[in-house]
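With the hints as constraints, model all of the structure from the sequences given.
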Amino acid sequence: MATKVVMAQLSPTMEEGKLLEWKLQEGDAVEAGDILAEIETDKANMDVESLGSGVLRKIVVQAGTTVPVGVLIGVVAEPDEDIASILASAEAQPAAPAAATQPAAPAAPAASAPESAPAPAPAPSVPAAPTAKVPAPGAPAASAAPTLDGGRVKASPLARRLAEAAGLRLEDVAGSGPGGRIVKRDVEAAAAAPSAVPSAPAALAASAGPARLTAETVEVSQMRKAIARTLTASIGPVPHFFLTTEIDMEHALDLRAQLNARLSAGKIGVNDLLIKIVAEALARHPDINASWHGDTIARHGSADVGVAVALEGGGLITPIIRAADRKGLLQISEEARELIGRARDKRLLPEEYQGATFSISNLGMFEITEFTAIINPPEAGILAIGKTAAKPVVVDGEIVVRRRMQVTMSCDHRVIDGAMGAAFLGTFKAMMENPLEMML
Amino acid sequence: MADSYDVVVIGAGPAGYVCAIRAGQLGLKTACIENSSYEGGLGGTCLNWGCIPAKALLESASMAQGLKDHGEELGVKAENVQYDMQAAVDRSRGISDKLTKGVGYLFKKNKVESIEGTGSLAGPGKVRVTPSEGDPTEISAKNIVIATGAVMKSFPGFEIDGEKVIGSREALALRSPPKTMVIVGAGFVGVEFADVFSAFGVDVTVVEALDNLVPLEDPEIGKALARSFKKRGMKIMTGTRVTSLDREASPMRLAVETKKGEETIETDIVLMAVGRTPVVSGLDLEEAGVAVEEGWIKINEWCETSVTGVYAIGDVAGQPMLAHKGSHEGILAAERIAGVAQHPMRYDNIPSIGYCHPEVASIGMTEEKAREAGHDVTVGQYPLSAHGRAITAAHNEGFVKIVADAKYGEILGVHMIGHNVSELIAEVGLARDLEATVEELAAHPHGHPSMSEAVMEAAFAAMGRPIHI
Numbered sequence: 036m037a038t039k040v041v042m043a044q045l046s047p048t049m050e051e052g053k054l055l056e057w058k059l060q061e062g063d064a065v066e067a068g069d070i071l072a073e074i075e076t077d078k079a080n081m082d083v084e085s086l087g088s089g090v091l092r093k094i095v096v097q098a099g100t101t102v103p104v105g106v107l108i109g110v111v112a113e114p115d116e117d118i119a120s121i122l123a124s125a126e127a128q129p130a131a132p133a134a135a136t137q138p139a140a141p142a143a144p145a146a147s148a149p150e151s152a153p154a155p156a157p158a159p160s161v162p163a164a165p166t167a168k169v170p171a172p173g174a175p176a177a178s179a180a181p182t183l184d185g186g187r188v189k190a191s192p193l194a195r196r197l198a199e200a201a202g203l204r205l206e207d208v209a210g211s212g213p214g215g216r217i218v219k220r221d222v223e224a225a226a227a228a229p230s231a232v233p234s235a236p237a238a239l240a241a242s243a244g245p246a247r248l249t250a251e252t253v254e255v256s257q258m259r260k261a262i263a264r265t266l267t268a269s270i271g272p273v274p275h276f277f278l279t280t281e282i283d284m285e286h287a288l289d290l291r292a293q294l295n296a297r298l299s300a301g302k303i304g305v306n307d308l309l310i311k312i313v314a315e316a317l318a319r320h321p322d323i324n325a326s327w328h329g330d331t332i333a334r335h336g337s338a339d340v341g342v343a344v345a346l347e348g349g350g351l352i353t354p355i356i357r358a359a360d361r362k363g364l365l366q367i368s369e370e371a372r373e374l375i376g377r378a379r380d381k382r383l384l385p386e387e388y389q390g391a392t393f394s395i396s397n398l399g400m401f402e403i404t405e406f407t408a409i410i411n412p413p414e415a416g417i418l419a420i421g422k423t424a425a426k427p428v429v430v431d432g433e434i435v436v437r438r439r440m441q442v443t444m445s446c447d448h449r450v451i452d453g454a455m456g457a458a459f460l461g462t463f464k465a466m467m468e469n470p471l472e473m474m475l
Numbered sequence: 057m058a059d060s061y062d063v064v065v066i067g068a069g070p071a072g073y074v075c076a077i078r079a080g081q082l083g084l085k086t087a088c089i090e091n092s093s094y095e096g097g098l099g100g101t102c103l104n105w106g107c108i109p110a111k112a113l114l115e116s117a118s119m120a121q122g123l124k125d126h127g128e129e130l131g132v133k134a135e136n137v138q139y140d141m142q143a144a145v146d147r148s149r150g151i152s153d154k155l156t157k158g159v160g161y162l163f164k165k166n167k168v169e170s171i172e173g174t175g176s177l178a179g180p181g182k183v184r185v186t187p188s189e190g191d192p193t194e195i196s197a198k199n200i201v202i203a204t205g206a207v208m209k210s211f212p213g214f215e216i217d218g219e220k221v222i223g224s225r226e227a228l229a230l231r232s233p234p235k236t237m238v239i240v241g242a243g244f245v246g247v248e249f250a251d252v253f254s255a256f257g258v259d260v261t262v263v264e265a266l267d268n269l270v271p272l273e274d275p276e277i278g279k280a281l282a283r284s285f286k287k288r289g290m291k292i293m294t295g296t297r298v299t300s301l302d303r304e305a306s307p308m309r310l311a312v313e314t315k316k317g318e319e320t321i322e323t324d325i326v327l328m329a330v331g332r333t334p335v336v337s338g339l340d341l342e343e344a345g346v347a348v349e350e351g352w353i354k355i356n357e358w359c360e361t362s363v364t365g366v367y368a369i370g371d372v373a374g375q376p377m378l379a380h381k382g383s384h385e386g387i388l389a390a391e392r393i394a395g396v397a398q399h400p401m402r403y404d405n406i407p408s409i410g411y412c413h414p415e416v417a418s419i420g421m422t423e424e425k426a427r428e429a430g431h432d433v434t435v436g437q438y439p440l441s442a443h444g445r446a447i448t449a450a451h452n453e454g455f456v457k458i459v460a461d462a463k464y465g466e467i468l469g470v471h472m473i474g475h476n477v478s479e480l481i482a483e484v485g486l487a488r489d490l491e492a493t494v495e496e497l498a499a500h501p502h503g504h505p506s507m508s509e510a511v512m513e514a515a516f517a518a519m520g521r522p523i524h525i
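Top to bottom, those sequences are chains Y and W. Residues 36 to 475 (the numbering used here) are what the first sequence spells out, left to right. Residues 57 to 525 (the numbering used here) are what the second sequence spells out, left to right.
Worth flagging that the hints you see were computed from the coordinates, not collected in a lab. As the structure is a prediction and not an experimental result, all values here were calculated from the model. Beta carbons are placed, not taken as given, at the ideal position from N, Cα and C, and that holds for glycine. Watch out, some of these pointers could steer you wrong.
[Said to hold, decoys possible] Listed next, the stretches of chain W that the computed footprint assigns to chain Y, with coverage defined by at least 3 CB atoms under 8 Å from CB atoms of chain Y:
id, region
1, 462-470
2, 491-503
[Unchecked claim] DSS-like, lysine-lysine: derived pairs with alpha carbons at most 30 Å apart:
id, chain 1, residue 1, chain 2, residue 2
3, W, 425, W, 209
4, Y, 219, W, 463
5, W, 85, W, 157
6, W, 425, Y, 219
7, W, 220, W, 286
8, W, 133, W, 154
9, W, 354, Y, 219
10, W, 279, W, 209
11, W, 85, W, 209
This is the structure we're talking about:
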């Protein structure tokens, strides 16, 4: 008797699973209870056991593919059994949402549910899914390639018109509607999101040194998706958390004084040092220099550091020092002075203030000791700089007066976890406190 | 009655009973509490004293008015036509009885236990049931759904006494019509009763404080309805507030304040149709910590209240207080409880329908709201005076108006008045759900000749190329 192998719901919050590996090949003999495959859920990697015996007749979903709960992933049957109708029904089923005819697997660790026997009926567990013939809970995950039904892209008429007007290819838009259909909100989201890799204007990047960071797209794990979903539900679209530390500025200020003593014109400011060291720390922590894109995280190929500039009469703008990780302090200082000057005159071009990969906001000159800044999406972090002030601190058991600065980093928790942020901030602090670290 | 349930629904109106049925379908052990003496029991206001019996009377009114207005024109000469309000009301009550029994049958079919009594919250996971006769008991519920609905409201000096000052409930059982009636409030309930009683020969005056009939609709709709009602001999007083009522006088004397000054109207009966107020008292919400906002139980887009495991649906859970909104909230709440809910409620795509003649139906934003929201708006309006099917039906008043985004053709709102437009609004509601634009509405070959062609023509008009005007 043929047995369908479906993507089972292995935890109450699981909406989709990634097929990591088939343990058997098509044609291999299978006994009930044999491990067929390994899948990755939002919680853990788990084995898929066969509920039926025979041979693994068909692998429907290939390794590396993510499918919603309930979708047919393979068929176990007798060697000569006709499984055409099962495969036909699988084709009729979208690769995106679980179709209504597919029994939702019970929320028990059984890996697959045989079609002909009703799924074991647990007492209606509340709020876990009961054994009704309904799709798995939750909206279907956005499918990046909703080209189903013979290549036709499923999209609402309005979404098509919006995409055309915005110059977007529907193939590049993830659909969140029924069956992975692209609807208005998907096109609006795609149009609002800047391209994954901000293209640094050639003129600004060209004079920089060789590339140190690699632009790449990292696939998001199921666990990271679950973290993103939960945290987003909790606090707006960008779930922020904050890390604060205090930095001893003695060495940095001394270094700045020494450098300025050697410069005939154009002094280096504290801000310039901050930009340089942030960029240096980003180069060493590429996972911070990144953006959330739902199914993927884009790690950017350069540290493009935005500097928040307050405008007279209100408002602010964030000119960007492109590829600051590849530029020297002097070059950063010159560029920053020029950009900030034009920013105050409101004469920046869009590419000069759009598409930073990380930002700095400094309110020290306004006598602010400490504050939190709001992340500017799709950046994953921003550093809020407080006033540097002399205060008593304990060094080697002695109370001494040191110039200290408080900084608070806001992190996008979808991209950055607490320990990741802390590690980055630790690097930043170490280099600020001893700028010679930059040389290492 | 068992001790414990997965779901206990308090109230068996169109929100509560639908929720209970869906919960039963999903395999949840479900009970639904309804007081048999309140609003007639199963089916709630809708089936007993609201939507359904009102539509039954409106059908009588339609036949009466149609014969009056168009009988001879259509070649049907009737003499000595008599209006028998008693028969019309008896038929209406019979229909309510039949449909409420149907709810009981559906409960049995879906293994929903029907519990007689009044429900209230009695601590976490507990519901107190106070039966009409006998002692209160407590049952356990993993999930509680509050669906207690709303009741007619009035204001000081105009308290409903059930005889001279009546509400919709009394009006639905008014077997001997008065000579004169003033209806206070021209929302859907007010204009529907105006239609019924006017058709049955009552001298009807409609008093509305705002500037138009059906004041929540597009102003053009209210103006068109007022023209139609005036033609039928009703007196329409918009922008008019009632100030006092002398119930002792016979006929009663009602003082009103118009924009021009004070006036007194003599009337046998005053029908108050000034809205409904949610039923939150007696549920012990405060003790349970369930948040109430402006009278309604506060819910999120999944019908969840401020207390985990407690849901609220229907009229008690906020505007719009419409049966179909409540029913869909009921389905959503049941599916949310079972963990299978797919999409939250979409409150911007719920149709509003008034079954007066001509009928009124709308969905989405009015033209004014769309402009306020910053849309670049195009309006396609198609008058039914040009419409073949409407002319053959001898009902060629009214129009279909589509408010669309000028650039993308997104259907922002649709407003209709005319013959059978209650049946046309679903097409545009579905189109909006599927994000069809005016282009798709226009491109579909609507059956000819049908009222639905008016939607297609209005869509063509919104694109700037109407065919038949």
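Now the hints, each set against the structure:
{"no.": "1", "hint": "462-470", "result": "holds (count 4)"}
{"no.": "2", "hint": "491-503", "result": "holds (count 5)"}
{"no.": "3", "hint": "W/425 <-> W/209", "result": "holds (28 Å)"}
{"no.": "4", "hint": "Y/219 <-> W/463", "result": "holds (14 Å)"}
{"no.": "5", "hint": "W/85 <-> W/157", "result": "holds (22 Å)"}
{"no.": "6", "hint": "W/425 <-> Y/219", "result": "holds (20 Å)"}
{"no.": "7", "hint": "W/220 <-> W/286", "result": "holds (25 Å)"}
{"no.": "8", "hint": "W/133 <-> W/154", "result": "violated (34 Å)"}
{"no.": "9", "hint": "W/354 <-> Y/219", "result": "holds (28 Å)"}
{"no.": "10", "hint": "W/279 <-> W/209", "result": "holds (26 Å)"}
{"no.": "11", "hint": "W/85 <-> W/209", "result": "violated (35 Å)"}
Hint compliance for this structure: hints 8 and 11 are not met, and every other hint is.
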